[in-house]
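K.L.:
Residue numbers (the working numbering), protein chains in the order written: chain A, 1 to 207; chain B, 1 to 207.
Just so you know, these hints were derived from the structure itself, not from any lab.
Please note: incorrect hints may appear among the correct ones.
Straight line, CA to CA, 30 Å or less: simulated DSS-like cross-link-like pairs of lysine-lysine [claimed, not checked]:
id: 1; chain 1: B; residue 1: 124; chain 2: B; residue 2: 77
id: 2; chain 1: A; residue 1: 24; chain 2: B; residue 2: 138
id: 3; chain 1: B; residue 1: 160; chain 2: A; residue 2: 23
id: 4; chain 1: A; residue 1: 77; chain 2: B; residue 2: 24
id: 5; chain 1: A; residue 1: 23; chain 2: B; residue 2: 77
id: 6; chain 1: B; residue 1: 124; chain 2: A; residue 2: 52
id: 7; chain 1: A; residue 1: 23; chain 2: B; residue 2: 124
Covered by chain B, according to a simulated footprint, are these stretches of chain A (three or more residues, beta-carbon under 8 Å) [said to hold, decoys possible]:
id: 8; stretch: 121 to 129
id: 9; stretch: 138 to 149
This one's a predicted model, so the numbers in the text were calculated from it and none came from an experiment.
Note that the Cβ used here is the ideal one computed from N, Cα and C, for glycine as well.
Protein chains: 2
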Amino acid sequence: MNFSSRLLEQAVDEFGRLPGVGKKTALRLVLHLLKQPDAEVARLTGALTTLKEQIKYCQACFNMADHDLCEVCSSTKRDQQTICVVEDTRDVMAIENTNQYQGVYHVLGGLISPMDGVGPSDLKIEALVDRLKNNEIKEVILALSATMEGDTTIFYLYRKLKDFNIPITTIARGISFGGELEYVDEVTLGRSIATRVPYEREGIKQP
Amino acid sequence: MNFSSRLLEQAVDEFGRLPGVGKKTALRLVLHLLKQPDAEVARLTGALTTLKEQIKYCQACFNMADHDLCEVCSSTKRDQQTICVVEDTRDVMAIENTNQYQGVYHVLGGLISPMDGVGPSDLKIEALVDRLKNNEIKEVILALSATMEGDTTIFYLYRKLKDFNIPITTIARGISFGGELEYVDEVTLGRSIATRVPYEREGIKQP
């Protein structure tokens, strides 16, 4: 691109580094911001800087928080004896949105992925073991993505946690509600048949 | 969305204000930035702030520039007697990328659009008239979008400029090069037939 201004080019370059943002999108966003009042741009850059400087992670579950303990971990209404293990804060938000879960979380901060150089020691796995050691936990739910990395992490966690004799569950996998069979991919459909459940059973599958 | 952190929510809100960026995309971008080193985020916010504070507009053509005159207007290699009128800096970049144009530009800063409350006085039209008055200009090319707003602006400019007795041209409109007839929309195809040109003629259509 032939930029008429070096400053413009720099701003577009920086925006273009964001995942999924190409040069054209970056240019569109930067030109949009240029048309906005100074205060609007200052709010955006300020919010980012403040977030980056002041964000905390809950000392119990490692979810993002404004205080030492997140709202879920400090709530008396939540079941502190059930821990749902998730990859990151987005998964916490997704599960909270369902209003189906009353326990607490444990945010690993990623999944084991040798391809990306992420090993068990990069994740909050030891902290999870400590939580099980130091608290009376009744169930650990592994709510990880149904991907290669998710499965690897589940397998690793299972071996690490099984000696605690605490029930370990995973979230149910199968065809989506409302999903039509003919559009379901073969792996999902095949596994759904292999892991079929009696008709009268409902709710979370027990291990 | 149930944010575990107010700071996170604010940053996502600000990102979500950008055109074409929804809440989920904003969250993805903010979480990505959180994982980056502080310096990376500082570069992004710094580039935006600097751009906003220091960007200049060329005093001749109103394109974005780092100095009082943009590179095109201050170049001795460009034909300063041909002015190409465009909507904004993106159009300048697009035309510069073609390497087909050797003249200079005039950036209107928008198109006449009563729906959006943009009238002729909001655009750099008087400045264009002044350029024609004070310089010896040989041709004015109107390179505006083939939309309702573009056509309205072309019509307005034509009435405003025709008394100068300077040739006024518009960029050619028709089916795209490589375009297959069956996929061309009806308006474009209809106009292409109505504005057909003799086979031997090539290059820019003269008025």
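K.L.:
Each hint needs a verdict: does it hold in this structure or not?
P.N.:
Verification of the supplied hints:
no. : hint              : result
1   : 124(B) with 77(B) : holds (25 Å)
2   : 24(A) with 138(B) : violated (33 Å)
3   : 160(B) with 23(A) : violated (36 Å)
4   : 77(A) with 24(B)  : holds (28 Å)
5   : 23(A) with 77(B)  : holds (28 Å)
6   : 124(B) with 52(A) : violated (41 Å)
7   : 23(A) with 124(B) : holds (27 Å)
8   : 121 to 129        : violated (count 0)
9   : 138 to 149        : violated (count 0)
Checked against the numbered hints given earlier, this structure breaks hints 2, 3, 6, 8 and 9; the rest are met.
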